[in-house]
Amino acid sequence: MPGELKAPGKPEEKNTVTRRDFFNEIAGGALTIAGLGAAVVTVKYASPNVLFEPPTTFRAGSPDDYPVNSVTYLQDQQVYLVRTDKGMWALSAVCTHLGCITQWKPESDQIACPCHGSKFQRTGNVQAGPAPRPLPHFSLVLSEDGALVVDKLEVVKDTEILKV
Amino acid sequence: MSEKNTVEVGISSDALKQPRRVVFITRKTSAKVKGEVGPQLMSFPHVVLRETIAFQILAIVLVVLALFWDAPLEQLANPLLTPNPAKAPWYFLGLQELLHYFPPLVAGVLLPTLVVLGLVVIPYFDVNIEGEPLWAHRSTRRLQVYVGVFAALFVLLALYDAWTVLVPTVLVGALGVVPYFNTTGNSRFQKFLGSRPLPWWVMTWFIAVALTLTAVGTFFRGPGWSWVWPWS
Amino acid sequence: MATTDWTHLRLEHLRQTRVWRSIFRRGPARTNRTRSLAVFGNLGLHMMPVKVREKSLSVRATYYLGSISFFLFAVLTITGVLLMFYYHPAVPDAYRDMKDLIYAVSNGVFLRNLHRLAAQAMVLAVFWHMFHVFYRGGYKPPHEFNWVVGVGLLMVTLFLSYTGYLLPWDQLAFWAITVGTNIISYVPVLGRPIRFLLLGGHIIGQNALLRFYVLHCVILPLGAVGLIALHFWRIQKDGGLTVRDDHE
Chain A
2 MPGELKAPGK
12 PEEKNTVTRR
22 DFFNEIAGGA
32 LTIAGLGAAV
42 VTVKYASPNV
52 LFEPPTTFRA
62 GSPDDYPVNS
72 VTYLQDQQVY
82 LVRTDKGMWA
92 LSAVCTHLGC
102 ITQWKPESDQ
112 IACPCHGSKF
122 QRTGNVQAGP
132 APRPLPHFSL
142 VLSEDGALVV
152 DKLEVVKDTE
162 ILKV
Chain B
1194 MSEKNTVEVG
1204 ISSDALKQPR
1214 RVVFITRKTS
1224 AKVKGEVGPQ
1234 LMSFPHVVLR
1244 ETIAFQILAI
1254 VLVVLALFWD
1264 APLEQLANPL
1274 LTPNPAKAPW
1284 YFLGLQELLH
1294 YFPPLVAGVL
1304 LPTLVVLGLV
1314 VIPYFDVNIE
1324 GEPLWAHRST
1334 RRLQVYVGVF
1344 AALFVLLALY
1354 DAWTVLVPTV
1364 LVGALGVVPY
1374 FNTTGNSRFQ
1384 KFLGSRPLPW
1394 WVMTWFIAVA
1404 LTLTAVGTFF
1414 RGPGWSWVWP
1424 WS
Chain C
276 MATTDWTHLR
286 LEHLRQTRVW
296 RSIFRRGPAR
306 TNRTRSLAVF
316 GNLGLHMMPV
326 KVREKSLSVR
336 ATYYLGSISF
346 FLFAVLTITG
356 VLLMFYYHPA
366 VPDAYRDMKD
376 LIYAVSNGVF
386 LRNLHRLAAQ
396 AMVLAVFWHM
406 FHVFYRGGYK
416 PPHEFNWVVG
426 VGLLMVTLFL
436 SYTGYLLPWD
446 QLAFWAITVG
456 TNIISYVPVL
466 GRPIRFLLLG
476 GHIIGQNALL
486 RFYVLHCVIL
496 PLGAVGLIAL
506 HFWRIQKDGG
516 LTVRDDHE
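Residue numbers (the numbering used here), protein chains in the order written: chain A, 2 to 165; chain B, 1194 to 1425; chain C, 276 to 523.
It is possible that part of the hints are untrue.
Below 35 angstroms or equal to it, Euclidean Cα-Cα: the simulated DSBU-like pairs (lysine-lysine) are [said to hold, decoys possible]: (1) A/Lys87 with A/Lys153; (2) B/Lys1280 with A/Lys45; (3) C/Lys415 with C/Lys512; (4) A/Lys120 with B/Lys1280; (5) A/Lys106 with B/Lys1280; (6) B/Lys1280 with C/Lys374; (7) B/Lys1280 with A/Lys158; (8) A/Lys164 with A/Lys106; (9) B/Lys1280 with A/Lys153; (10) A/Lys87 with A/Lys106; (11) C/Lys374 with B/Lys1384.
Derived by calculation from the structure, the hints in this document are not laboratory data.
One chain only, chain A, in its complex shape (with noise of 0.2 angstroms):
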């Protein structure tokens, strides 16, 4: 008849579950985290645990290879070891922008990228140029023998400098 409403849902009402509602809840759910697991355990499998890299920490020599006031670039590790009369710091030669290898410019004084014309400090501010960020100073620490050892995975803020 019009005008009456009538309730909606099952003619049973209540949450009757029946047996193969439940089996097939069980069922997804099992298959749900069985394809969860073999996901995961995919990702871990492509995650490399041993990398076959150059080491991340090394050994720069003493802090008398370098002159007051000079900027040196390690080659092979990609880092740019800074002196002045107040210190020493580690900078990282990676263009924060892109990834391109940066050039220590002397007659200019400042380090700058080929790829895109960004422009550093020797503190590693940005000068010029469309890098987000200063180059990251890495932790530099003196070692028991009198060695500065270089850590690129500990980025540490750029007022931390190595008395020496």
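Keeping the supplied structure of chain A fixed, place chains B and C upon it in accordance with the hints.
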């Protein structure tokens, strides 16, 4: 709607008295573009033969070109020495040029993602099946929206100094609004412009920008991504 | 002429043999039924429709761009497989093998030129094909999903070209891929992990070359074949190619 609805149940053979359901159209069926069918041919041999010929022509062209045009090979990869300039393959040079103006997150991730998403959703938009021209009704409201969007785009691009994108945008944008004001011209070109629907204009703008970006990235960019004239 | 009659008779005789009929089931394609079977009953061709509209066959209708894209893919597969005979995906073998192919291997330079040329041509053809399909409205219902499949194929093509670009292991390859993978690391949250998985490490080295090789020769071609099959299948099922009304 209040007359008596007497429904007689029964099957009669008179279609006028008892219309029978022949087709059931669901509410959400999309309109299908069914072109005029026209004469048909058997795929074998007509299609197979033409495709074979097309493949042979292609093979000849490729082989002749490959005999004379050598693929480049530069020096051994040197992770310590970046060549200047370091350019991507030509189909990504447009992107690299865009990277010159916008930060990498925008030009490298956001914009390409938006472009791909835009391409994917094209057929699902309110499809203009009849291909109604952009200015069919000469609506002032539409003109306002058009000018508004154009102005916003202009300001954004000018803000970032992205003139490589700005120039084709201005060109296509200006061309797009010509049919609105042009009531007297009757040349084939003007008629053609006047009949183009909105999706056509958007795609043409996209292609114009992409071509300009790629051309600039290929020929006009030198060391440090600085501007060079290709003939210098 | 007598000789051609004799050849003709011999061929007919051959066609009646049990061996022949066990391989070729339908007989010569001289009736519409056998012409249909030539397509419908053929493993390679049955994704094509049995009949097509005459209008869609003219060059100006499609410029055969889709077919050209497919043929280029076939050329790339054949030349690529042949190149695999000499190429070792390792550092520094890869570069040495490129030199080997260009200067020492018979027809090596030709094969390599053909492969690279077809690759550039395929990217161009695929883009052009997409724009042409757009301009003739081939994305409108009921062809919407096929358009999406096409966009997927565009992505696969670009990625195939990109992975192949690294394989010569020269300066051009190395730095183009450096820039590209660094862009990937800008993707929020997932950028760096994706870059790590793609390169198999932090740097572009041995692992990266091998992974790009596997992507380029196995994973992406399989994906492409699957999508191409789907793409052709949808055209057949959705009623054939779209031709603009104002053409012819």
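Right, here's what the structure says about each hint:
Of the supplied pair hints, the one linking A/Lys87 and A/Lys153 holds, its CA atoms being roughly 22 angstroms apart against a limit of 35 angstroms. A distance of roughly 33 angstroms separates the Cα atoms of B/Lys1280 and A/Lys45; the hinted pair therefore holds under the 35 angstroms criterion. Taking the CA atoms of C/Lys415 and C/Lys512, the gap is about 15 angstroms. The hint holds against a cut of 35 angstroms. Our distance criterion of 35 angstroms between C-alpha atoms is met by A/Lys120 and B/Lys1280, whose separation comes to about 19 angstroms.
For a cut-off of 35 angstroms, the pair hint linking A/Lys106 to B/Lys1280 stands: about 22 angstroms separates their Cα positions. With a C-alpha separation of about 22 angstroms, the suggested pairing of B/Lys1280 with C/Lys374 holds against the 35 angstroms cut-off. Taking the CA atoms of B/Lys1280 and A/Lys158, the gap is about 33 angstroms. The hint holds against a cut of 35 angstroms. The suggested pairing of A/Lys164 with A/Lys106 holds, with an alpha-carbon distance near 25 angstroms, which does not exceed 35 angstroms.
Restraint check: the Cα-Cα separation between B/Lys1280 and A/Lys153 comes to about 27 angstroms, which is no more than 35 angstroms; the hinted pair holds. Between A/Lys87 and A/Lys106 the CA atoms are separated by roughly 22 angstroms; this keeps the pair inside 35 angstroms, and the hint holds. For a cut-off of 35 angstroms, the pair hint linking C/Lys374 to B/Lys1384 is broken: about 57 angstroms separates their Cα positions.
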